[in-house]
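Spelled out, the chains give:
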Amino acid sequence: MEIQRKVKYEEELDPNFLAEIKHLSGSENIDGCIQCGTCSSSCPMSIYMDYPPRKIIAMVKNGFRDEALRSFTIWLCPSCYACQVRCPSQIKITDVMYALKRKAIETNVFPSRFAIPVLDREMSRLIAKYGRNSELWLILRLYLKSRHFLTMIKMAPLGLKLMKTGRMSLRRESIKNKKQMKALLNALKEET
Amino acid sequence: MSGYIYYPGCSLKGNSRSYEESILPVFKEVGLPLQELDDWNCCGATAYFSVDDTMAAAICGRNLSLAEKTGKDIVAPCAGCFLTLKKSNAFLTSRQPKSDKILRALKSAGCEYHGSVKVKHPLEILIKDIGREAIKSKIRRPLSGLKVACYYGCQLVRPYTDFDDPDYPTTLDSLMEAAGATAVDYVAKTRCCGGSLTGTIEEVGLRLNYILLKEAKRKGADCVVTICPLCQFNLEITQGKMVKKYKDDVRMPVLYFSQLLGLALGIDKADLGFSRSIVPLKPLWEKIGNGGAR
Ligand code: SF4
Ligand code: SF4
Numbered sequence: 001m002e003i004q005r006k007v008k009y010e011e012e013l014d015p016n017f018l019a020e021i022k023h024l025s026g027s028e029n030i031d032g033c034i035q036c037g038t039c040s041s042s043c044p045m046s047i048y049m050d051y052p053p054r055k056i057i058a059m060v061k062n063g064f065r066d067e068a069l070r071s072f073t074i075w076l077c078p079s080c081y082a083c084q085v086r087c088p089s090q091i092k093i094t095d096v097m098y099a100l101k102r103k104a105i106e107t108n109v110f111p112s113r114f115a116i117p118v119l120d121r122e123m124s125r126l127i128a129k130y131g132r133n134s135e136l137w138l139i140l141r142l143y144l145k146s147r148h149f150l151t152m153i154k155m156a157p158l159g160l161k162l163m164k165t166g167r168m169s170l171r172r173e174s175i176k177n178k179k180q181m182k183a184l185l186n187a188l189k190e191e192t
Numbered sequence: 001m002s003g004y005i006y007y008p009g010c011s012l013k014g015n016s017r018s019y020e021e022s023i024l025p026v027f028k029e030v031g032l033p034l035q036e037l038d039d040w041n042c043c044g045a046t047a048y049f050s051v052d053d054t055m056a057a058a059i060c061g062r063n064l065s066l067a068e069k070t071g072k073d074i075v076a077p078c079a080g081c082f083l084t085l086k087k088s089n090a091f092l093t094s095r096q097p098k099s100d101k102i103l104r105a106l107k108s109a110g111c112e113y114h115g116s117v118k119v120k121h122p123l124e125i126l127i128k129d130i131g132r133e134a135i136k137s138k139i140r141r142p143l144s145g146l147k148v149a150c151y152y153g154c155q156l157v158r159p160y161t162d163f164d165d166p167d168y169p170t171t172l173d174s175l176m177e178a179a180g181a182t183a184v185d186y187v188a189k190t191r192c193c194g195g196s197l198t199g200t201i202e203e204v205g206l207r208l209n210y211i212l213l214k215e216a217k218r219k220g221a222d223c224v225v226t227i228c229p230l231c232q233f234n235l236e237i238t239q240g241k242m243v244k245k246y247k248d249d250v251r252m253p254v255l256y257f258s259q260l261l262g263l264a265l266g267i268d269k270a271d272l273g274f275s276r277s278i279v280p281l282k283p284l285w286e287k288i289g290n291g292g293a294r
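These protein sequence lines are chains A and B, in that order.
No gaps in the numbering here: position 76 of the first sequence is 76 in the numbering used here, and each next residue is one more.
No gaps in the numbering here: position 230 of the second sequence is 230 in the numbering used here, and each next residue is one more.
Bound conformation, chain A alone:
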């Protein structure tokens, strides 16, 4: 049996990662983590995660860029804030998860058909264009982009039930002043 190298050498770590995530998350106190594990034990998702929240914070603190950005953890976090309100060091753990998601999307380090980031991106696109989300359109785009055709077919009976009870419609929702939305997003681009 081959013994695999598990240690990480210092030159492989990214010394700027902590500062970057601090800035992106607005949580300047990440280094105050005392590794108590309160976040991991509060997290309803930790049993499904590859690294529980406590480890993610340790990884951010120590520059494990690739591991943190490629983790399954960040996509499993539905932002329930259970960890954040309990952290004795007041670290904004949920906002750190959000920051890692944005970084992962920005640098494209996630499987392109992975449903969660696809959903996030498609929904943002719909909103930027129409100002509103249309549930059916979003779901269709999600399954097309992530190529989950089978799931789409399996979901059809539910879709029918929702339509029957008037809870889903074919209409594409939109705001009246789409021009203003566009102007706003353009103005933001100019500011940055």
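These are computed hints drawn from the structure, not numbers from a lab.
Don't take every hint at face value.
[What the hints assert, rightly or not] Below, a list of computed lysine-lysine pairs in the DSS-like style, where the Cα atoms sit at most 30 Å apart:
1. A:Lys-178 with B:Lys-98
2. A:Lys-176 with B:Lys-28
3. B:Lys-28 with A:Lys-129
4. B:Lys-28 with B:Lys-120
5. A:Lys-189 with A:Lys-103
6. B:Lys-247 with B:Lys-120
The model shown is predicted, which means the values in this text are computed figures rather than measured ones.
Chain A is already provided as a structure; the job is to place chain B with the ligands on it using the hints.
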């Protein structure tokens, strides 16, 4: 600001229509009729914050600006909208270079925001502004004998809410008791339903929702009462699969608190969106009579 303007958000116009259909008559009944914010846009939910937080705060800023022009505070029944608008409001008024930049962009697009709007949840208004006793005095058809599991989920009580406890909140329990129901000791009341995970990683979503319903059943609840569209949706649509997978019949109605409160206030059953339930409501009517259908 004085008075409230209603921000529905996408869910209350779509899949959680029954929430809108019941919250509006309830507010009318307690003497606070609500008007809808004109040309509101989607709050962006958790999705936009995962992609671009500057844009996310900016689109919320447009809603806040529209509300500010009406001179009213926002009431947002969807827990997701509530948190997103509240979070963005706090950020936009934090006077940082990043937030000032967004305020400038808002201004140049014709939706200037000065930071005077507050974002509130209907539960907060009912308990704090109107008061439990005032509501109790208006109850015409008490929900006697009905046992409810009050489910708050995450986004209403965490992390910004100042009107209730983040781990073991009680305002909804107290409101339901004022309406004559019995609130069971529901320890899972702020445990996460998984949000959109039920659509993206089904196995995980199913289990999370199973835990929630199992606990409600164990405590003898007749139904779950929610304040959030996504919680309601998840808890309802996963029931069939749950029974199959866990061989455990935990099925029960999942309703918006405003539907039951409306019933207790004497509003006609037909006007509270009950027909939109996918789970049969028969056990509920057996418990509290025919709901006062005229
Ligand atoms: S709860 Fe806070 S201090 Fe404790 S391990 Fe988690 S992040 Fe670190
Ligand atoms: S916010 Fe995310 S990391 Fe924190 S407890 Fe909830 S699911 Fe876990």
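Take a quick look at whether Lys-28 (chain B) and Lys-120 (chain B) sit within 30 Å of each other, Cα to Cα. Given that 30 Å is the threshold and the Cα spacing comes to 17 Å, the pair holds.
Need the status of pair Lys-247 (chain B), Lys-120 (chain B): alpha-carbon distance at most 30 Å? 41 Å, violated
Next pair to validate is Lys-189 (chain A) with Lys-103 (chain A); report whether the Cα-Cα distance is within 30 Å. Given pair Lys-189 (chain A), Lys-103 (chain A) holds - Cα atoms ~18 Å apart, limit 30 Å.
Proposed proximity, Lys-28 (chain B) with Lys-176 (chain A) (alpha carbon, max 30 Å): 27 Å, holds
Taking 30 Å as the top limit, are the C-alpha atoms of Lys-178 (chain A) and Lys-98 (chain B) close enough? 25 Å, holds
If you draw a straight line from the CA of Lys-28 (chain B) to the CA of Lys-129 (chain A), is it 30 Å or shorter? 34 Å, violated
The structure fails to meet hints 3, 6 from the earlier list, while all remaining hints are met.
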